[in-house]
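As given, the protein sequences belong to chains A and B, one line each in that order.
1 is the number of the first residue of the first sequence in the numbering used here; add one for each residue after it.
1001 is the number of the first residue of the second sequence in the numbering used here; add one for each residue after it.
If you are wondering where the hints come from, they were derived from the structure by calculation, not from laboratory data.
Just so you know, not all the hints are guaranteed correct.
Below, in silico cross-link-like pairs of lysine to any residue (SDA-like), each with a Cα-Cα straight-line distance of 25 Å or less [said to hold, decoys possible]: (1) B:Lys1106 / B:Thr1051; (2) A:Lys44 / B:Val1082; (3) B:Lys1106 / A:Ala82; (4) B:Lys1052 / A:Val114; (5) A:Lys44 / B:Phe1018; (6) A:Lys44 / B:Gly1061; (7) B:Lys1106 / A:Gly42; (8) B:Lys1106 / A:Pro39; (9) A:Lys44 / B:Ser1003; (10) A:Lys9 / B:Tyr1039; (11) A:Lys44 / B:Ala1017.
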Amino acid sequence: NAGVTQTPKFRILKIGQSMTLQCTQDMNHNYMYWYRQDPGMGLKLIYYSVGAGITDKGEVPNGYNVSRSTTEDFPLRLELAAPSQTSVYFCASSRTGTASGNTIYFGEGSWLTVV
Amino acid sequence: GNSVTQMEGPVTLSEEAFLTINCTYTATGYPSLFWYVQYPGEGLQLLLKATKADDKGSNKGFEATYRKETTSFHLEKGSVQVSDSAVYFCALRGEGGGADGLTFGKGTHLIIQP
């Protein structure tokens, strides 16, 4: 019953450091997403992918990069961490298709602090 | 573009009280509507959804009806419990199943006191 798995769950970074948040799903979903959640602001889409080899920017992509080499994995890279990137990050996935009711499933979140 | 507006929190109620959390949306056509719940320290879980006008989603005693005429999807529960304390997010997914996922409201923090 794994679903969407993210690692690490907690991380503290120093300004300017780099890191990768890992995300994998075992539901054979083509669509995958990265969101960030800031207090009182809901969730904002960072990047999304409609399939292996295809990625696109969301609402707040600056400071991040992604890749999608396999259907299962969708890592999020922070190249030069900044305090503004302190947030909770959620990976998510869903089935393909035009049925807008397809549920989006979320991982448990990664709490990142940049100091 | 799409947007979701939900009532500001925190909302504090006593156990067994009636709950309403208001949610309205702006979108073209017929989006699908969702309520997600986030318990402290956890990720988001789907609570319920509705995919067309007049549909009622329900789960764990919670209900919400997709009202196209008022562009609303208010969450209700007849008798809340302390265990319902969480943050609730209203969200929509555009008609046609947009690959760019969900548009979220800012969340409503619900606190239930014994």
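Original post:
Which hint numbers doesn't this structure obey?
Top reply: Hints 2, 4, 5, 6 and 11 contradicted; others consistent.
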